[in-house]
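Novice: Oh and the sequence shown: position 354 is 354 in our numbering, straight run, nothing missing.
Bear in mind the hints are in silico, worked out from the structure with no lab data behind them. One thing to keep in mind: the hints can contain errors.
Unchecked claim - The calculated lysine to aspartate or glutamate pairs, modelled on EDC-like cross-linking and capped at a C-alpha distance of 20 Å, are:
(1) 199 <-> 36
(2) 199 <-> 211
(3) 290 <-> 43
(4) 290 <-> 47
(5) 290 <-> 32
(6) 246 <-> 323
(7) 199 <-> 214
(8) 290 <-> 30
(9) 246 <-> 225
(10) 290 <-> 36
(11) 199 <-> 137
(12) 290 <-> 301
(13) 290 <-> 33
(14) 246 <-> 229
(15) 246 <-> 347
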Amino acid sequence: MHWPTPRSAYIHVPFCRHRCGYCNFSVVADRDDLMDRYLAAIDQELDRLAGIANRPPVLDTLFVGGGTPTHLPIARLQRFLQSLRRRFDLADGFEWTMEANPEDITAEKLDVMSGFGVNRVSLGIQSFDDRKLAVLERSHSGQSAAEVIQQVAAQIPNVSIDLIFAAPGETVSAWAEDLRIAASLPITHVSTYSLTYEKGTSFWTRRHRGDLSEVDESTEIAMYDLGREVFAAAGLRHYEISNFAKSGFRCRHNLAYWQGDPWYAAGPGAAAFVDGQRVMNHRSTTTYLKRIESGGNPIAESETIVAEEAAREGAAFGVRMIDGVDLSQIRARTGIDISSLCAASLDHLRSQGLINRTADHIQLTPRGVHFADAVARELLS
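Based on the provided sequences and hints, a complete structural model is requested.
Specialist: This is the structure we're talking about:
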């Protein structure tokens, strides 16, 4: 099959003040001494990327995540953003997202980001409840989080926030208060995630020791449904399993992922999808730096995605969209007829009341929304 030229890029900045107990991302805490080496390495990797493309890639979406990109001090932040502007051409109407934590936001950093063209900020709020924030090992307060949202929105109006629910000891009423506060603030987008205990994190170890206890499944479902109800009333439409947005403010970068579009990537642990190849850089920041500095390749994993796999992934990720997915579009893109390939799975999912199907369009049912991961797994298998 023919793979289109990527129009999106993800850049990973690994630095954080502190690694939260639930975090399983490629992150280094208390290693600000590596920042200058990182900035030199990312510039080299982006230079290679531009060489592969034979010119600076033209992007519709640029997403800078982490880690905490805004943890970079102001001079280094400027140097980093200059590197990105030099290596990429941003198309008309581009979306440029920077992830940030509330404690790293300053008026000067907002000036710098907006000056370089950043037009969307994704804040790792997680909660407005100080007790819950302490459990999650976050260093900001609920009040400061609300103030920072106001501050960011005044300069960069497209503000997204992340919220976590089902934290140890959390009640539905406590979550309702988080939702109420979030809905009252000037946000355009919100992502809600049930707390997960990833292997290799301190939360995983503490749960096995009995120090942390999971919220029961019925409470978790009640919290999830309450979020859908509150945000709908606030004009934030549920458009993907974990995501809500005001009209015109869906995350275009994530939509590219979910629609099966290719993308470039750079930085430790960053995964790219270009010309049918999915590659991931080494997750260790120090190993990534050493490989770049020695003139080597930072890639740690690589796989070729064949047409059938691309089609299955298109269906599995696409069905997580609340509006559903058109299988004929997947067929046009990949040449694979999911309706025939997954006929038995589609019939089984429909018989279980998990999806509705109209011709080539499939969509989760209200019940299926609660079992989206199971639906995706069946389409992938």
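Novice: Are the hints correct? Go through all of them and say.
Specialist: Evaluation of the provided hints:
For the proposed pair residue 199 and residue 36, the alpha carbon gap of about 31 Å is over 20 Å, so the pair is violated. At most 20 Å may separate the alpha-carbon atoms for a hinted pair to count; residue 199 and residue 211 meet this at roughly 16 Å. Under the criterion of a C-alpha separation no larger than 20 Å, the hint pairing residue 290 with residue 43 is consistent with the structure, at around 14 Å. Note on residue 290 and residue 47: the hinted pairing holds, with a Cα-Cα distance of about 17 Å set against a maximum of 20 Å.
This hinted pair checks out: residue 290 and residue 32 have alpha carbons roughly 16 Å apart, not beyond 20 Å. At most 20 Å may separate the alpha-carbon atoms for a hinted pair to count; residue 246 and residue 323 meet this at roughly 15 Å. A threshold of 20 Å between alpha carbons decides the hint, and for residue 199 with residue 214 the separation of about 15 Å falls inside it, so the pair holds. Restraint check for residue 290 and residue 30: satisfied, since their Cα atoms lie roughly 19 Å apart, inside the 20 Å limit.
With a CA separation close to 18 Å, the supplied pair residue 246 and residue 225 stays within the 20 Å bound. Using a Cα cut-off of 20 Å, the hinted pair residue 290 and residue 36 holds, with the two alpha carbons roughly 13 Å apart. As the CA atoms of residue 199 and residue 137 are separated by approximately 18 Å, the hinted pair is consistent with the 20 Å bound. The suggested pairing of residue 290 with residue 301 holds, with an alpha-carbon distance near 17 Å, which does not exceed 20 Å.
For the suggested pair residue 290 and residue 33, the alpha carbons sit about 15 Å apart, so the restraint of at most 20 Å is met. Of the pairs offered as hints, the one joining residue 246 and residue 229 holds, with about 14 Å between alpha carbons and a cut-off of 20 Å not exceeded. A distance of roughly 34 Å separates the Cα atoms of residue 246 and residue 347; the hinted pair therefore is violated under the 20 Å criterion.
This entry does not satisfy hints 1 and 15, going by the numbered hints stated previously.
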